[in-house]
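J.: Here is how the chains run, residue by residue.
Protein chains: 4
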Amino acid sequence: MKTTSADATINTQPRAPEPAKTGTGTRVIDLGDSVTIGGLRVAIMAGPCAIETVDQLQAVADSVKKTGASILRGGVYKMRTAPQSFQGLGEKAFKMAADICRKTGLKFVTEAVDEQSLDLVDQHADMIQIGTRNMHNSALLKRAGKCKKPVLLKRGFSATIEEFLLAADYILQGGNTRVILCERGIRTFNTYSRYTLDLNLVPALRERTPLPVMVDVSHGTGKRTMVPPMALAAIACGADGVMMEVHHAPDEALSDGAQSLAIEDFETLVPRMRSVAEAIGRTL
Amino acid sequence: MKTTSADATINTQPRAPEPAKTGTGTRVIDLGDSVTIGGLRVAIMAGPCAIETVDQLQAVADSVKKTGASILRGGVYKMRTAPQSFQGLGEKAFKMAADICRKTGLKFVTEAVDEQSLDLVDQHADMIQIGTRNMHNSALLKRAGKCKKPVLLKRGFSATIEEFLLAADYILQGGNTRVILCERGIRTFNTYSRYTLDLNLVPALRERTPLPVMVDVSHGTGKRTMVPPMALAAIACGADGVMMEVHHAPDEALSDGAQSLAIEDFETLVPRMRSVAEAIGRTL
Amino acid sequence: MKTTSADATINTQPRAPEPAKTGTGTRVIDLGDSVTIGGLRVAIMAGPCAIETVDQLQAVADSVKKTGASILRGGVYKMRTAPQSFQGLGEKAFKMAADICRKTGLKFVTEAVDEQSLDLVDQHADMIQIGTRNMHNSALLKRAGKCKKPVLLKRGFSATIEEFLLAADYILQGGNTRVILCERGIRTFNTYSRYTLDLNLVPALRERTPLPVMVDVSHGTGKRTMVPPMALAAIACGADGVMMEVHHAPDEALSDGAQSLAIEDFETLVPRMRSVAEAIGRTL
Amino acid sequence: MKTTSADATINTQPRAPEPAKTGTGTRVIDLGDSVTIGGLRVAIMAGPCAIETVDQLQAVADSVKKTGASILRGGVYKMRTAPQSFQGLGEKAFKMAADICRKTGLKFVTEAVDEQSLDLVDQHADMIQIGTRNMHNSALLKRAGKCKKPVLLKRGFSATIEEFLLAADYILQGGNTRVILCERGIRTFNTYSRYTLDLNLVPALRERTPLPVMVDVSHGTGKRTMVPPMALAAIACGADGVMMEVHHAPDEALSDGAQSLAIEDFETLVPRMRSVAEAIGRTL
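Chains as they are written, first to last, in our numbering: chain Z, 1 to 284; chain X, 1001 to 1284; chain C, 2001 to 2284; chain R, 3001 to 3284.
Quick caveat, the hints were computed from the structure, so don't treat them as lab data.
Take these hints with a grain of salt, some might be off.
[As the list claims (entries may be wrong)] Think about it this way: if two alpha-carbon atoms lie no more than 16 Å apart in a straight line, the pair counts; the simulated EDC-like pairs of lysine to aspartate or glutamate are:
#1 Lys1223/X to Glu207/Z
#2 Lys3103/R to Glu3162/R
#3 Lys1142/X to Glu3115/R
#4 Lys3095/R to Asp3030/R
#5 Lys3148/R to Asp3099/R
#6 Lys1148/X to Asp1099/X
#7 Lys142/Z to Glu2115/C
#8 Lys2148/C to Asp2099/C
#9 Lys149/Z to Asp256/Z
#10 Lys2065/C to Asp2265/C
#11 Lys1103/X to Asp1122/X
#12 Lys2149/C to Asp2265/C
#13 Lys1065/X to Asp1099/X
#14 Lys223/Z to Glu1264/X
#15 Lys3142/R to Glu1264/X
#16 Lys3146/R to Asp3122/R
#17 Lys2223/C to Glu3207/R
#18 Lys103/Z to Asp55/Z
#19 Lys142/Z to Glu115/Z
#20 Lys2223/C to Asp2265/C
#21 Lys2142/C to Glu115/Z
#22 Lys223/Z to Asp256/Z
#23 Lys3223/R to Glu2207/C
#24 Lys1146/X to Glu1163/X
Isolated chain Z, as found in the complex (with noise of 0.2 Å):
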């Protein structure tokens, strides 16, 4: 695919060899009270995979501010591959991440797996996610591109990078210039990881949108063990953000447990992430 908007690309950098650079020159996503994402400061988006009750969103979001991090996650609808799956707390979630961001101060950022769900979203949360299996979702796409708040769009788990920036395309084309990029592993032989985490995409796309790049390595990996490493690699080569999932109680968790970080190990985690980001020329 040649062609994509003018708004998604730039072009392309023959020799680009300082990755420590790389959070200068990318659009830089404002969600307002001075948590960007997209500058030098690396943003870290952590939370429950879903939101279960009051006292688990709470638990994690204090490890949050605590350790400096900035944007809570949290499901409020799920989409599932099998219909008799765990489908999400539908909106009285949103009431509970209203009250906690309130207090903490945090910003949210929540998954639209539907056009009924997007406008939900696009009201009670200061960011909205567009799911992997979603990104070829043309419609919702376009719509996405018509509200206000910026779009958190991830990688279908098997679209090249041609159909990524087409899918950012569609956003961008409705008007909605605040789009965040986040690769989340692909499909690939390994059965030893959930999905094969694609950092090369960082620096890909670097090189060919000015767009924020975020890393989800929790979907990523699949596994626990695996996500603080591959936090601090999503870091070193040059995301503008990592995302993953932390669960008071992990193995307890109703969806995702098993790829969860207890609130502990976060908390081990986000100062070696700060050192990496150090590094490298950033901040965290």
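For this one, chain Z is given, so just place chains X, C and R on it according to the hints.
T.: Okay, now just chains X, C and R, sitting in the frame of chain Z:
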């Protein structure tokens, strides 16, 4: 994986949230003269894809030495997909490498492409590389198990982690316990990169084997501009070493020029690799 | 796969060496006027990728009718990767198709690309197609479970067999039991074909579900010259139907011309498909 | 890769809609005694994965002979992923096979796993098989180019079509023009089958080379129940031969029992393969 020798595997650790310490606990492979792979110090192997001339090899060796890296790589024999491609200088390249290593104090690693060349590499080099296309060649692996030099075993580009560990077992069971595993990219649907670098494998191998783990960031990306960020990422996620192609005139290289770093880019990169290594508690 | 509804799965048969009889035992989907999918008769669905003009659709419909095939396909709405690509004629194409089907006695299948078009397709077509990019769209699948027309569900191009059957479950659990599964090619490292046609899936689905199984040999190959041999192969391995794109002037098609058969090639192919169907004990 | 030797490639035909005639135009490989591969007659190669006992081999050979198939396969040397797996009987199996072939008039094909066994297979068998794990082993391919027996070259399980043709070139350039190409399944994200059988490759190779093309439906599926339908599909899409594993007691086989047909299932299958061959204008 059902059965691998005790030598190649250790019990899986359910929680290992401290990749900064991955250097400890792995087997240390000693190449002599204080050059080791597998300890706290991250090893760098750099050099041309194929040895072409004395001047070429000398220029790269000087740079490797100057930056503080310790191992020179360079193809003596080349295993090429097409019969008409350049197949390497053969034996006379051994003398070039030996002369240069004597002067600089560097160690030399090169690939054995068949049984005949294996014996010669074992005799003339400091470490034997078994390439991705031979990872499934059990006859060659068995013979490598009888060699006296350490073996750098590259992952087959579609090998599972179990197949990779079993290939190592072929060598270990022959009595050669000095094996280093090297991720070098896998074949996926991606075409924007030559291969998809599977960095998840680094922590996954760490949980399964005490053998040191390296990453070849040149083949794993196939593009010069992606080498520096991925070299930093490889160190951040716990690799014990990084291998990369460096050429004094990449655009004139007889093979793999597109993925070779220019010497000046290599010299800019190494201090940044050192910063990341130090950020996670290692040296370089 | 751990849990799917009883409706979608049957016990695995350890030995089923008689694919010639695969027509028996599957659920027969009746489209009316003696047009069925799932019995001994192999169904053929042919037509243009997108409906462009009345003349185009009429020319293909005449050919489909003349060869003895029974179902006309043609895109009313197109789900395109790029926002600037042709997105289909929309509602006015329904009338074209309805007029032609009334005259010829053919049945009409077309794709629903979102919730709005789903309701219109359910109203105007004889069968609803859910495309590969929507196989993971559970909101759309649930709504299709409430439709009155049969659903042709295409496999997501990277969906596992378990995910495919679970997607069917979303429809079946809504009460719509008339679901046809369609293999259409998966994404692999191959680039010589557009997708890799996974014909193994035909017998594998046969062991797991009574739902009829079709094969889209146009998307599954992406190349006109590969369509005839793969259409024969699909029948030989037990498919209950074959879908293919046919155009009166493939090189001028607004989409997917490279994989569309010319009408004369289609008319040469159908008798050969009939011979293979008869060789395995079926009709066409 | 653009350049392959004239020997391995012919000009691409833009339209080749007559797979029933694929038997014509390909190079005919003559094994002697009227046994050929590449003409109108579809060849069947059947036998155990590994030769275990005289009785085992005799039972299968009798069945192969009785059904009208012409080539007996059976592993003398086995290339196994794990060092502790059964590695074949070695040389004494040659005598078993020779005795049985003399009595039955069958031809014998077996795999060469390294340079030593290559010379022995060239001496004792009627056709040399180079396995999937050696397709990239250029040293072995070069040596096979000097052998006097025809070579059955299996596709590497992640080899592109270009790499496959270039591997054949290594043999052809050595002077051995009797090469048969064999698709045997590729590695994809699928886990329901052992490999994904890439039948698209059959017509794709037909457009690119005059070399005969076979399909190994045992490795290409990995499951006994999928072997019969895929054998029929392989013939339908134009394969010049089909290879499959047959065992007198599959559940007791020392290797690959899960994908081996029982003798009675093989005897049921062959007449059905004959029907499909005749439906497309070939014989068996």
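J.: Would the hint linking Lys223/Z and Glu1264/X be met if the CA-CA limit is 16 Å?
T.: 39 Å, violated
J.: Assess, step by step, whether the Cα of Lys2223/C is no farther than 16 Å from the Cα of Asp2265/C, and give holds or violated.
T.: With Cα atoms ~13 Å apart, Lys2223/C and Asp2265/C stay inside 16 Å; holds.
J.: With the threshold set at 16 Å, check whether the alpha-carbon distance from Lys142/Z to Glu115/Z stays at or below it.
T.: 10 Å, holds
J.: Just to be careful, I want the Cα atoms of Lys3223/R and Glu2207/C compared with a cutoff of 16 Å; is the pair within it?
T.: Holds. Lys3223/R to Glu2207/C sits at ~12 Å (cutoff 16 Å).
J.: Does Asp3099/R sit within 16 Å of Lys3148/R, going by the straight-line distance between their CA atoms?
T.: 21 Å, violated
J.: Straight-line Cα separation of Lys3146/R and Asp3122/R no greater than 16 Å?
T.: This hinted pair holds, its Cα atoms lying about 10 Å apart.
J.: Within a Cα-Cα threshold of 16 Å, do Lys3142/R and Glu1264/X meet the stated pairing?
T.: With Cα atoms ~39 Å apart, Lys3142/R and Glu1264/X exceed 16 Å; violated.
J.: Does Lys1142/X pair with Glu3115/R here, judged by a C-alpha cut-off of 16 Å?
T.: Cα-Cα ~14 Å, so holds.
J.: Checking one constraint from the list: CA of Lys1146/X to CA of Glu1163/X, max 16 Å. Satisfied?
T.: 20 Å, violated
J.: Regarding the pair Lys2142/C and Glu115/Z, is the alpha-carbon distance no greater than 16 Å?
T.: 14 Å, holds
J.: Is Lys2149/C within 16 Å of Asp2265/C, Cα to Cα?
T.: Violated: Lys2149/C and Asp2265/C sit about 31 Å apart, past 16 Å.
J.: Can you confirm whether the C-alpha distance between Lys2065/C and Asp2265/C stays at or below 16 Å?
T.: 15 Å, holds
Violated hints for the displayed structure, listed by number in ascending order: 2, 4, 5, 6, 8, 9, 11, 12, 14, 15 and 24.
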